[in-house]
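Peer 1: These are the residues of each chain, in order.
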Amino acid sequence: EAQVTQNPRYLITVTGKKLTVTCSQNMNHEYMSWYRQDPGLGLRQIYYSMNVEVTDKGDVPEGYKVSRKEKRNFPLILESPSPNQTSLYFCASRNPGTHRFGELFFGEGSRLTVL
Amino acid sequence: ILNVEQSPQSLHVQEGDSTNFTCSFPSSNFYALHWYRWETAKSPEALFVMTLNGDEKKKGRISATLNTKEGYSYLYIKGSQPEDSATYLCAFRRGGADGLTFGKGTHLIIQP
Chain A
1 EAQVTQNPRY LITVTGKKLT VTCSQNMNHE YMSWYRQDPG LGLRQIYYSM NVEVTDKGDV
61 PEGYKVSRKE KRNFPLILES PSPNQTSLYF CASRNPGTHR FGELFFGEGS RLTVL
Chain B
1 ILNVEQSPQS LHVQEGDSTN FTCSFPSSNF YALHWYRWET AKSPEALFVM TLNGDEKKKG
61 RISATLNTKE GYSYLYIKGS QPEDSATYLC AFRRGGADGL TFGKGTHLII QP
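In the order they appear, the protein sequences are chains A and B.
Residues 1 to 115, numbered by our numbering, are exactly what the first sequence covers, in order.
Residues 1 to 112, numbered by our numbering, are exactly what the second sequence covers, in order.
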């Protein structure tokens, strides 16, 4: 089954404790992206990657890092989480070749709480 | 900063009734307009990707129209069913950009 898998789905952590949210897709998609969803706001892009070893900042990159060492994986790293990073995070992917207008395939979301 | 507005923010509709809601977006440098359906605790799923002015797309009881000149899209649901309850997101992609700008969504609740 074609899917985007995120882990963990739920996490409560404390300020300053480094964490990584993993994202993996099995569709051989070149493009991957991270979004955050906050109450009263639309999904906002954090980082994206056009292909392996190519990453770029989105609209709200502060406090986050990413890496793209393999095509299927795109982890989101919070080096020193703060309470304002409490949010629902979505990973998404697409294949620019077959979905050139940008249809995204989303993971199920990771709800992160930073105390 | 691109402005993508959806209205209404939330909507209660009686089962069997038809409904519609709006997405407005910048009318310049248009590339694509997406509609996604997002059920609680699930992944947002693409409903439509619309690219041409005047486009109309349909999937079962759900359809969408696009007016790129005036910068709006309508999503229609005919004969609402409880399983239509979800948040409907629209997202705008401008020419030359890789990312999408999302609206805040319309939260639709179908009442039996």
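One or more of the hints may lead you astray.
[Unchecked claim] Residues of chain B clear of chain A, computed beta-carbon distances all greater than 10 Å:
{"#": "1", "residue": "Val4"}
{"#": "2", "residue": "Pro8"}
{"#": "3", "residue": "Glu15"}
{"#": "4", "residue": "His34"}
{"#": "5", "residue": "Tyr36"}
{"#": "6", "residue": "Lys42"}
{"#": "7", "residue": "Ser43"}
{"#": "8", "residue": "Thr51"}
{"#": "9", "residue": "Glu56"}
{"#": "10", "residue": "Lys57"}
{"#": "11", "residue": "Asn67"}
{"#": "12", "residue": "Ser85"}
{"#": "13", "residue": "Asp98"}
{"#": "14", "residue": "Thr101"}
{"#": "15", "residue": "Phe102"}
{"#": "16", "residue": "Lys104"}
[Claimed, not checked] From the structure, some residues in chain B lie toward chain A, with a derived Cβ separation under 8 Å:
{"#": "17", "residue": "Pro44"}
{"#": "18", "residue": "Lys58"}
{"#": "19", "residue": "Ile62"}
{"#": "20", "residue": "Gly71"}
{"#": "21", "residue": "Ile110"}
[Unchecked claim] Listed below are the simulated BS3-like cross-link pairs for lysine-lysine, each with C-alpha atoms no more than 25 Å apart in a straight line:
{"#": "22", "chain 1": "B", "residue 1": "Lys58", "chain 2": "B", "residue 2": "Lys69"}
{"#": "23", "chain 1": "A", "residue 1": "Lys71", "chain 2": "B", "residue 2": "Lys42"}
{"#": "24", "chain 1": "B", "residue 1": "Lys104", "chain 2": "A", "residue 2": "Lys57"}
{"#": "25", "chain 1": "A", "residue 1": "Lys71", "chain 2": "A", "residue 2": "Lys57"}
{"#": "26", "chain 1": "A", "residue 1": "Lys18", "chain 2": "A", "residue 2": "Lys69"}
{"#": "27", "chain 1": "B", "residue 1": "Lys42", "chain 2": "B", "residue 2": "Lys78"}
Just so you know, the hints here were simulated from the structure itself, not pulled from any lab data.
Built from N, CA and C at the ideal position, the CB exists for glycine as well.
Peer 1: Give a verdict on every hint.
Peer 2: Structure-based check of all given hints:
{"no.": "1", "hint": "Val4", "result": "violated, 7 Å"}
{"no.": "2", "hint": "Pro8", "result": "holds, 14 Å"}
{"no.": "3", "hint": "Glu15", "result": "holds, 27 Å"}
{"no.": "4", "hint": "His34", "result": "violated, 7 Å"}
{"no.": "5", "hint": "Tyr36", "result": "violated, 8 Å"}
{"no.": "6", "hint": "Lys42", "result": "violated, 6 Å"}
{"no.": "7", "hint": "Ser43", "result": "violated, 4 Å"}
{"no.": "8", "hint": "Thr51", "result": "violated, 6 Å"}
{"no.": "9", "hint": "Glu56", "result": "holds, 16 Å"}
{"no.": "10", "hint": "Lys57", "result": "holds, 12 Å"}
{"no.": "11", "hint": "Asn67", "result": "holds, 17 Å"}
{"no.": "12", "hint": "Ser85", "result": "holds, 18 Å"}
{"no.": "13", "hint": "Asp98", "result": "violated, 6 Å"}
{"no.": "14", "hint": "Thr101", "result": "violated, 7 Å"}
{"no.": "15", "hint": "Phe102", "result": "violated, 4 Å"}
{"no.": "16", "hint": "Lys104", "result": "violated, 5 Å"}
{"no.": "17", "hint": "Pro44", "result": "holds, 5 Å"}
{"no.": "18", "hint": "Lys58", "result": "violated, 17 Å"}
{"no.": "19", "hint": "Ile62", "result": "violated, 16 Å"}
{"no.": "20", "hint": "Gly71", "result": "violated, 16 Å"}
{"no.": "21", "hint": "Ile110", "result": "violated, 22 Å"}
{"no.": "22", "hint": "B:Lys58 to B:Lys69", "result": "holds, 21 Å"}
{"no.": "23", "hint": "A:Lys71 to B:Lys42", "result": "holds, 24 Å"}
{"no.": "24", "hint": "B:Lys104 to A:Lys57", "result": "holds, 21 Å"}
{"no.": "25", "hint": "A:Lys71 to A:Lys57", "result": "holds, 18 Å"}
{"no.": "26", "hint": "A:Lys18 to A:Lys69", "result": "holds, 20 Å"}
{"no.": "27", "hint": "B:Lys42 to B:Lys78", "result": "holds, 23 Å"}
Of the numbered hints listed earlier, those contradicted by the structure are 1, 4, 5, 6, 7, 8, 13, 14, 15, 16, 18, 19, 20 and 21.
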